[in-house]
Structures are given as C-alpha cells and as structure tokens.
Amino acid sequence: MIEVVDVAKTFRVRGRRRDVLAIERITFDAADGRITGLLGPNGAGKTTTMRILATLVQPDAGRARVGGHDVVAEPRRARAALGVLSDARGLYTRLTAEENIGYFARLQRVDDADFRGRLRDLADVLELGPLLGRRVDGFSSGERMKVALARALVHDPQHLILDEPTTGLDVMSTRALRELLRRLRERGKCIVFSTHVMQEVEALCDNIVVVARGRVVAQGDVAALRQSSGAATLEDAFVALTAAPGDGGSAGAAHASPDSA
Amino acid sequence: MSPFATVLRKEIADASRDRRTWITALASALLFGPGIVLLIAAFVSDVETRSARREIVVAQRANGPTLVNFLERSGARIVEAPPDFAARIASGELRSAVVAIPADFEARLASGDPAPLQLVYDGTSNPARGTIEASARLLDGFARELALQRMLARGVAAPALSPLRVDRRDLASTRAHGVELLFIIPWAVLMIAAVAALPMAIDVGAGERERGSLEPLLTMPVDAIEIVAGKWLAVTVAAIVVESAMLAAYVVTLRLVSDDRLAALLQFGPREALTCLLVLVPFAAFMSALLMLVGTWGRTFREAQTYASQVVLIVNLVPLLRFFLDARDAAWQLAVPVLGQLVVMMRVLRGEAPGAAGILVPALICAGGTLACLAAQRRLLQSERIVFGRG
Numbered sequence: 592m593i594e595v596v597d598v599a600k601t602f603r604v605r606g607r608r609r610d611v612l613a614i615e616r617i618t619f620d621a622a623d624g625r626i627t628g629l630l631g632p633n634g635a636g637k638t639t640t641m642r643i644l645a646t647l648v649q650p651d652a653g654r655a656r657v658g659g660h661d662v663v664a665e666p667r668r669a670r671a672a673l674g675v676l677s678d679a680r681g682l683y684t685r686l687t688a689e690e691n692i693g694y695f696a697r698l699q700r701v702d703d704a705d706f707r708g709r710l711r712d713l714a715d716v717l718e719l720g721p722l723l724g725r726r727v728d729g730f731s732s733g734e735r736m737k738v739a740l741a742r743a744l745v746h747d748p749q750h751l752i753l754d755e756p757t758t759g760l761d762v763m764s765t766r767a768l769r770e771l772l773r774r775l776r777e778r779g780k781c782i783v784f785s786t787h788v789m790q791e792v793e794a795l796c797d798n799i800v801v802v803a804r805g806r807v808v809a810q811g812d813v814a815a816l817r818q819s820s821g822a823a824t825l826e827d828a829f830v831a832l833t834a835a836p837g838d839g840g841s842a843g844a845a846h847a848s849p850d851s852a
Numbered sequence: 535m536s537p538f539a540t541v542l543r544k545e546i547a548d549a550s551r552d553r554r555t556w557i558t559a560l561a562s563a564l565l566f567g568p569g570i571v572l573l574i575a576a577f578v579s580d581v582e583t584r585s586a587r588r589e590i591v592v593a594q595r596a597n598g599p600t601l602v603n604f605l606e607r608s609g610a611r612i613v614e615a616p617p618d619f620a621a622r623i624a625s626g627e628l629r630s631a632v633v634a635i636p637a638d639f640e641a642r643l644a645s646g647d648p649a650p651l652q653l654v655y656d657g658t659s660n661p662a663r664g665t666i667e668a669s670a671r672l673l674d675g676f677a678r679e680l681a682l683q684r685m686l687a688r689g690v691a692a693p694a695l696s697p698l699r700v701d702r703r704d705l706a707s708t709r710a711h712g713v714e715l716l717f718i719i720p721w722a723v724l725m726i727a728a729v730a731a732l733p734m735a736i737d738v739g740a741g742e743r744e745r746g747s748l749e750p751l752l753t754m755p756v757d758a759i760e761i762v763a764g765k766w767l768a769v770t771v772a773a774i775v776v777e778s779a780m781l782a783a784y785v786v787t788l789r790l791v792s793d794d795r796l797a798a799l800l801q802f803g804p805r806e807a808l809t810c811l812l813v814l815v816p817f818a819a820f821m822s823a824l825l826m827l828v829g830t831w832g833r834t835f836r837e838a839q840t841y842a843s844q845v846v847l848i849v850n851l852v853p854l855l856r857f858f859l860d861a862r863d864a865a866w867q868l869a870v871p872v873l874g875q876l877v878v879m880m881r882v883l884r885g886e887a888p889g890a891a892g893i894l895v896p897a898l899i900c901a902g903g904t905l906a907c908l909a910a911q912r913r914l915l916q917s918e919r920i921v922f923g924r925g
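From first to last, the protein sequence lines are chains G and V. Residue numbers for the first sequence follow this note's numbering, beginning at 592 and rising by one. Residue numbers for the second sequence follow this note's numbering, beginning at 535 and rising by one.
Worth flagging that the hints you see were computed from the coordinates, not collected in a lab. Owing to the predicted nature of the structure, the values given are computational and were not obtained by experimental measurement.
Some residues of chain V that are not near chain G, with every Cβ distance over 12 Å (derived):
(1) R611
(2) P650
(3) T840
A few chain G residues that face chain V, going by a derived Cβ cut-off under 7 Å, partial list only:
(4) V675
(5) S677
(6) Y694
For each residue, glycine too, the CB sits at the ideal point set by N, CA and C.
Take the sequences, apply the hints, and build the full model.
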C-alpha cells in the first residue's frame, strides 16, 4: 500500500523572488490490488508527488509511506519495495537492452537465476525478445520505453509508480502494457500511474486522484467523478474539477468513492 | 555481488566500449610525451655533433689569412658563408653563427690596432646556440694567441698573461643535467592523469544526469556512497592504465636513443617508471574523485566540461610555473598535490631516492583529498539539486 498524508513541498529557486509551491497539500491512498491513476494538468504536482514517493525529494510537511516504510525515515526500504518509471528514462547506450535491465536487477539484488526467468517473462509481455542482445544506441523511443519499463519491473516490486508509461508506445505495445498492469493488479500489486490519456484512465483505474494547483481536487472512480462534477464524460469532469476558482468550474475538494455514488 | 562491485563492473564495461575515447587517450599517452622526448634527444644530439665537428662558418675568408691559418691549425673545418648570409640567418635558412671578416682586417692586425670582426647570428635560434659558443671560443683562442705573440715579442713571460686560472667544478651529476631535458616526463604524466580521467569522470556525473539515467539510479535501494565509490574506482583504473602506458612508452623510447653519451644523460628505465607509478597512483585517484565531483556540480555536460578543464589547466600550469621560476625542492612542496608528485619524480629522474616522506606525504594528502571529494559527491547525490538541476 502507498499512503500519502498531507504532503507539501516548496522549491527554493535561485533568482526568483518567490519560492515555487509545487504541492500545497496532497492526501491519498493507493491500495494493494488496485490501480490508482494520478490525473492533473501540467504543473499540478503529480511528478513531484511521484518523486517524493521514489525518495528523490523530501516533503516539507506530511508523510508518505511505501509498503509501511516511511520514505524519509527508511528510504532504502521504501525503494526496495518500489518499481519506478519516472519521466527520466535514460539508458546506457553502449550497453545492450539486457545489460541495462540486468544492471538494475543486480542493484535490486535479484540473483542471476531469478533474473533470467523474469527477463524472459518481461521480454514476452513487452515484445523485447529481438532487442535484448542489441545495444540501446539506435533504439526508437518506444523501444527505449519498453527497456525502461522492464528495468522498473525486473525485481517484481510490490509497488509500482509509473509516470506516463505509454508515451512513445505503439498501439499493440500499449495494449500489452495495459494487460500487464491488469495482471499485476490481479497479483495484488499496488500500482500508481500518472497519465493525460483519458482512455487509459477509464480502461485501467480503480481509483482516480485528480490533482490541480498542488492539491487533490477530487478522488473516486470514473462514475463518481462524473457524478460529482455533473459531467457526462471523464474528460469534461476533469476540466470542470481542475478549473481554477473563478473559471466557472467546481474546484472543491470533492471526494467521491464508489460506495457513495 | 555488492552494489559497489555491480557499479564498478558496469562502468568498466561501458567505458571499454567507448573506443574513440580510449584510442585518443592511449594515442596521446604513447605519442605525445615520448614523441617530444625523441625530438629533444635528436635536437641535443644534433647540437653536440655540430660542436664536436668544430665547424665554423666564415664570410670573406680571403680578408683574413692569419685568422684562417689559426682556425685550420686548431682543427676547425672552415665553411664558406654564402654572400647573403645575413638574410639567410634572419630567415632561419642558415642555422649557424657566421664570422664576417672585413676588408681592412689584416691591415689593422699588422698595425697593432684592434682588428674588427663580426660574429653574426640569430640569438633565438636553438640550433645556432652551439655554433655561437664554438665560434666565440675559437675567436677567443685566436685573440689569446695573438696577445701571447705580441707580449713574447716585447719580452713578457707567458704566465704573466694568465694571472688567473679558473677550475670549473660542476656539482650536478650528468644525470641531473639530463633532468632538464626529461622534465617533460613528470609534466606529461601528471597532465595525462587528469586528461585520461576527465571524459569518464564527467560522463559518470553530468553525463548520467543529461542522459536521464541518474534518477533511475538514485531510486535503487543502495547507499549513494556505493554508487560513488564504484564509479570513482572505474575512473581511477582508466587513468592508471593510460599513465602506465605512457611510462612504459617513455622507457621504450629512451632505449631507442643510440648516442651513448646521450643515453647516459637520459636515464629512465623500468625501476624509475615503477617508482613514478607508485607516486602517481594516489594522484590519479585524487584527480578522478575531484573531476567527478566537479563534473557532477555542473548543470549540464558542457558546464561540467568547463569546470573540469579548469582543473586540468591547473595541473598543467603548476609544473611549468615551477620550471620557469626555477624553484628548488622544499619540504612544504610535498604537501601540495601536483607539486609534491613533481618534486618526487624529479628526484627519481636525478637518480636520488624519493625518501619515505616523498612517497608517504603526497600519498596521504591525495588520499585525504579523495575521501573528501567522495564524501562531498555522496552529499551531492542526495540533494534535490541533482534531481532538478541547479536553480
């Protein structure tokens, strides 16, 4: 389980008169065996939230836990329980795809025998087979995305944080990834992913956390969000919920759960 | 396998596939320093050969039969200068001093008046230096002979003409003289230690960030010091390999010097090379750590290169400054990185023992510097500015 409670974060930026408020206050839970979507406009605080969970950044207030491990007090245990696909997806171009994935598997202390088995499974699901023995230099963006994804999944983490995981993937690969995420959910994994693609949210998410201007403006499943905003589609609901006060939208911190529909 | 060993293994594998960088680094190590040593040896040999031949270039020799006679009796080989010798000296075509004999030379000699002669040369021409001294010595010899003859003709005893006899006693050994020429060795290996480490040091810091691979690395359940240490050791190993290649190339190159006297002057064998390597290993470790730290500090790859190149510039300048200031050995110099290594290697080149302090003090200073840089790098990797870049 991933828990985020009253997390806040401000960045001091040299040369600017005022600090940048990235997260004013965010609270949500992502349960095991569920896919939680983090939805919000650019600059809402999604990536910062994910970086806090990935222990790359420390919150100024509040707390965040991954698998019961506090990300500030026990960062290494939190990282061990986590698979992260951030927006930084660089690979080592002089190494092969297999070597790239293997490097991170070893850092996650996956032994060689387990690594072989997992690599085989990931190669099947992500259609990485023909790419494994090739150096990454010259890969397309979609191929690099697949390798980065495999890198995040190779140690079979209980918790997954994925930042726009389908960027650069073709249709078939996107469908394969969705299928993979569904299978992981059925295995009881806790999955949090951010996306701008409404279709993905509708297809995958059990719970959606809508973030805008550093705050959670709504939570719930698709039906609950539509109902709370009075919108016919998820996209309309998103626009209404994330509109700034005075833009004519309902930007209250609506928290709708499937049970209250 | 520990995270440290995993990182080390990956960095070495990654770097070993960067053939272009390796070829450039090894080519510099094998060609640059040893190449210059060969050129210096050839130049010295050429100058000495000319001096040994006692060759003197004379213009208008017909104007000075007395002088010509003396020169021939002294065993000098007289070469007639071309009519436009001054222009050829100025253009560099004629790389020798020329003794120009004016038309009234013999008349002035016979009358007892000072007989004018011109010794024409380009003082900035290195090849000409030996001929200037040799020509001047021959002319001094002629002047002494003339003076002796005139005094004897007046009944003055020969010893009265030489009231002073100066015995020269050079305390520097032959080998120590060779050190002036072999200065290039410590200078070049110190520079190559920094230059060899630079590309890899920047790549493992700023390069990771620019590539977008640093964030994934920092999400691993590994203490940052294990990542830092693994990368640092890989960079250090690369620097030591290149340094070793350069030192081996020097040993081989100097064996190619065929002139025996010159070979005695330029002594740098396997023992000297190994002693220098012992001094250079801690320095390479320190340079690797310092360049990695400086490289990680840069916001971009280009900025990191700029900072790191300043470090290389300092490493380059310190030995040159010491050489041109003709600074002598002092104990405090052992405690200054670059200077300490230079002092000890110059001792080795002079055939002196480096001494326990000479090995230990620079090594301990570099070890301390290495640990400080690695600790600072660890802190840097744990800071948000690394994730987000300096704002």
